[in-house]
Amino acid sequence: MSDDGVQLVTAAVSRRASPREEAVTGPAERRRRPRDDRRVAWLFLAPVLVGFAVFYGYPTVRGVWFSLTDYSLLNTPSFVGADNYSELVGDPQFWNSLKVTALYVVVNIGSQLLLGLGLAALMHRLTRSVVLRATLLVPWLVPNVTVGLLWAWLLDANLGFVNHLLHALGSGGVSFYSPGWAMPSVALVNTWAYTGYTALLLYAGMLQIPQHLYESAALDGAGELRMFRRVTLPLLRPILALVLVVSLIGSFQIFDTVAVVYQGKPTPETRVIYFYIYQQAFTYFHMGYAAAVAMVLVVILGVLTAVQLWLLRASRSDLA
Amino acid sequence: MRGNRFAPGRLVAWFVLGVAVLITVFPFYWMIRTAVTPSADLFTDAGSLWPHHPTLINFARVVGLVDAERARAAGGSGAHINFLWYTLNSIIYSGLIAVVQTFCCAMAGYAFARLRFPGRNAVFAVMVAALMVPPIFTLLPNFSLVKDLGLINTFAGMVAPSLLMTPFAVFFLRQFFLSIPRDVEEAALLDGAGRWGIFFRIVIPMSRGPLITIALTTTVWAWKDFLWPLLVGREEQTRVLTVALGVFLQQSPNTQPDWTGLMAGSVLSVVPVLILLIFLGKRLVQSLNFTGIK
Numbered sequence: 002m003s004d005d006g007v008q009l010v011t012a013a014v015s016r017r018a019s020p021r022e023e024a025v026t027g028p029a030e031r032r033r034r035p036r037d038d039r040r041v042a043w044l045f046l047a048p049v050l051v052g053f054a055v056f057y058g059y060p061t062v063r064g065v066w067f068s069l070t071d072y073s074l075l076n077t078p079s080f081v082g083a084d085n086y087s088e089l090v091g092d093p094q095f096w097n098s099l100k101v102t103a104l105y106v107v108v109n110i111g112s113q114l115l116l117g118l119g120l121a122a123l124m125h126r127l128t129r130s131v132v133l134r135a136t137l138l139v140p141w142l143v144p145n146v147t148v149g150l151l152w153a154w155l156l157d158a159n160l161g162f163v164n165h166l167l168h169a170l171g172s173g174g175v176s177f178y179s180p181g182w183a184m185p186s187v188a189l190v191n192t193w194a195y196t197g198y199t200a201l202l203l204y205a206g207m208l209q210i211p212q213h214l215y216e217s218a219a220l221d222g223a224g225e226l227r228m229f230r231r232v233t234l235p236l237l238r239p240i241l242a243l244v245l246v247v248s249l250i251g252s253f254q255i256f257d258t259v260a261v262v263y264q265g266k267p268t269p270e271t272r273v274i275y276f277y278i279y280q281q282a283f284t285y286f287h288m289g290y291a292a293a294v295a296m297v298l299v300v301i302l303g304v305l306t307a308v309q310l311w312l313l314r315a316s317r318s319d320l321a
Numbered sequence: 045m046r047g048n049r050f051a052p053g054r055l056v057a058w059f060v061l062g063v064a065v066l067i068t069v070f071p072f073y074w075m076i077r078t079a080v081t082p083s084a085d086l087f088t089d090a091g092s093l094w095p096h097h098p099t100l101i102n103f104a105r106v107v108g109l110v111d112a113e114r115a116r117a118a119g120g121s122g123a124h125i126n127f128l129w130y131t132l133n134s135i136i137y138s139g140l141i142a143v144v145q146t147f148c149c150a151m152a153g154y155a156f157a158r159l160r161f162p163g164r165n166a167v168f169a170v171m172v173a174a175l176m177v178p179p180i181f182t183l184l185p186n187f188s189l190v191k192d193l194g195l196i197n198t199f200a201g202m203v204a205p206s207l208l209m210t211p212f213a214v215f216f217l218r219q220f221f222l223s224i225p226r227d228v229e230e231a232a233l234l235d236g237a238g239r240w241g242i243f244f245r246i247v248i249p250m251s252r253g254p255l256i257t258i259a260l261t262t263t264v265w266a267w268k269d270f271l272w273p274l275l276v277g278r279e280e281q282t283r284v285l286t287v288a289l290g291v292f293l294q295q296s297p298n299t300q301p302d303w304t305g306l307m308a309g310s311v312l313s314v315v316p317v318l319i320l321l322i323f324l325g326k327r328l329v330q331s332l333n334f335t336g337i338k
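Line by line, the protein sequences are chains A and B.
For the first sequence, the residue numbers in my numbering are 2 to 321.
For the second sequence, the residue numbers in my numbering are 45 to 338.
Hints were generated in silico from the structure; no laboratory data involved.
From a predicted model like this one, the values you see are computed outputs, not experimental measurements.
It cannot be assumed that every hint is accurate.
Which bits of chain B does chain A cover? Going by a derived footprint, with three or more residues having C-beta under 8 Å, they are [what the hints assert, rightly or not]:
1. 81-91
2. 188-201
3. 310-318
Cβ atoms here follow ideal geometry from the backbone N, Cα and C, with glycine treated the same way.
Chain B with its partners taken away, still in its complex shape (with noise of 0.2 Å):
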């Protein structure tokens, strides 16, 4: 009886969220069409939901596999450009980061959950309220000294100042070690066993959920990292696929945009993000409750 009462409210309900849904994939769905879409086609064959003459060359010229003729014959600038060189420059700037940060930041939180020592509390909270300042704050002096170090242009200047720590990890891992129970440490310590090995043995096997999660967030935060990459890492050899994309506008005439390419280039920035969605999606999306709000 309840449900048929609710039958047409729930059939405006579902009718609402698919239309969310719509909104949410039909962009993409359109920087795809767009990118399998010859340039000359835009302007004759704008509007309509289906490209009439799919063609691969725009993937090809950001990739770098068409000659600059070539390149401009298909609403290029011939600029050389090679897409994939910036991805993987971004899985490499992501990865190291997540993977690095993660670790240490892993190794503080357990010691600040578990270890005993004079100040830890006065420096876990100087670390919390580093949270506070914004990261703009901080990237202006850290630009300086990176600059004055000589490493513009280089990975490791890009990936210093968050591939050992970010507050932000070390608070919500060591949150998690807190939560986790004492007794098995507390078993292995009367066995004789180190704090290295009850970390390595015990603590990071129990930990995997919490750790994935936060190796997870770090790769979408580091995959989407725009303005210290553009600012340390600008060259070729270290550029990231966002700024990558940034500087592809800049080189399109500003007259008309090299839309085709440029969603090609796009396309390329998301098809690595999707493929962490599908095989970690559910990982991904409880990660949210889990962090979020539990």
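So here's chain A without its partners, still in its complex pose (with noise of 0.2 Å):
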């Protein structure tokens, strides 16, 4: 979902619908074939629409009304008001979800960006190979449940390799997923799976910047740590803010690593939001319940959404 959503809000900035090219052809066409569109174009939206209307316009519509309902699966939902909020407002649980997520995130976003701008630039700035890039990526096409099956035997707290390497350094074992590691250690196992995405899409922009920068900075006698602080960095900011907002909206929604890694039954410093809507809804069978909580993340995300847009305009106006 997160990297939809990169590739969504970029597609966006590189190319609108173009007003000025309707203006040109639009009238034009519509002399020349009055009309004619309308049925063969219903039929090219068909299979689309009936997709769209089925599992994206009217599940939507219905995760609003089942966050109204008292509602089992089994049961048809009954009505219930604002019951569901009212008790999600007074649950402890529900707001310890929300903590945890928001400190994954912060640790994984944070880790995340940090290491994936720094590969992006020493790519920049030493290399085009193809391989490198695609080692990189590896870690991204994995599953995610492989990718927390292998942690958790890496982070095995006897015999897990990490444990071995601390020994020989001459530190003590670690148990990276008893409470106090948990969570950071989940959000670092993801770091390890989406850093080089992260780089990659860093890096992509980075070939965006005008080669003759670089080429005048070293003429002025810059070094490379002052031309990515005065070359790099302004000029990606752009990029890197939508980077930044939009793997912060994938990484909301962890649940596959935690899922696998606790089988099923998170600690509470594991229980993300994710986890915690799954739990109500197919645990214990809280179908409206889920639906408000579900409901609680639309609206972060939605208000996460609108800063996204909002640093998107406040950046290119910035560079205007």
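Make one complex out of these two single chains by using the hints.
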């Protein structure tokens, strides 16, 4: 989802429907073939419209309705007004899930973005190798479930490779999935999985920066670090803002790695909001309540999206 | 001169990149290393970089080639598992979605980009707005719907929500179709070609790059998908790899998970995408430039 987001927004930046072009070709076209597209257009659209209506439109409306009902998947939903929402306000587990998710997002996005930026900058100044980029992309291609399992094994308290390494370095072992360590561990595992992808997006952004800026900076005697601060960072800002906010939105939706590592029974320290929704809906069959929590997530992500659009506009006018 | 001045810095930079590659690749090496180790060796030989008694027994038992007794002796739970079957299911699941979805979304994208009909912009705006809705929100009612239709544990139920479209694919392809020149199409129209002819004979061949990009992205997404297939296709006949790995972990004893078997199963979940990467790596990497920024 986060991936889609990045692509969506950046595609939107690059190519918005150009009103000028419409104005030029539109009227002429209409004169030549008055309205004969209508029938064929609905045929072209039919499969997508069906898919959209049944699996996006209808469930969105229904999700809002569920959140106002008492529904267990087995009964018919009965309207209870805002009861689910008032229950939610007084539910410590809900607030805990928000807190845990926020912590996860901060650790995951902070590390992922910093490392990704560093890697992208190094690649940008050193090499155009496709093999290198493909290699860094591998963790992103692998299912999150596999990533979760692999790292559960690498970080195993007794037999895991990382603890062997720590012992070999003369340090004590660490129970990475014990309460105190659990959330940073999960967050950093996902950082491992997504840093390469983030780096590649940022790298693609850096390729857009005109090469001659680096050449003239070098002529002025600027070192690499200075070029990074004075050329790369400022010109990358719009892309950076996009990647940041969109990864943030994706990061809020962490589920798979937690579900696998804790085999469906996460500790309070790792019960993220996605998991809480899942549990309410499919373990306790509180479908209505789960829909209410999901509504809160919709609102949070909506606010983040608004911030993202605002950043986008801000950064563009800044550069213009 | 400039090269000399930066030489030590460049060395450090290459070194850092090397470390990044090592951290990226080593976990996969360890996955394979564990998968070819007899489970008894995990305790005695856990830290060594090379397996001292390499074996294929773990692969044999996760694809169901070994009877329950021998599987138990090799560290398994003895429960029936067949990762080849799950791999096949994963390929069907992601392949079907990628092909049908790309085709349907290309048709719609073309309609939104080129055809004139009342309500075009409004319909398109509603679809783009759906991108803001997090998947879990529609997942709850969709599950309820698929259950009411009696499609739990069928492929139909599993692929249904994403088979025909995702708003993103429609959006992406529409943006691309907007950017290709109209001249060829206009000429074909004047020659009396219909919209279908233009779409199949001109637009699709011209758009191979973006179509492959969307199909690839969709394949990877469906290959990684976990929550929906877990809810809708948990049973043996429709179980995909990701779900199988989760179930496998649950069947294995909590005190000492069957790591060698789990890693053998994990290898199988990586190999197909690795093959994809080897054959289409360049396209995949460049698709990030293409979709990401350009």
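**Study point:** Numbers of unmet hints, in rising order
**Key:** The structure breaks none of the hints.
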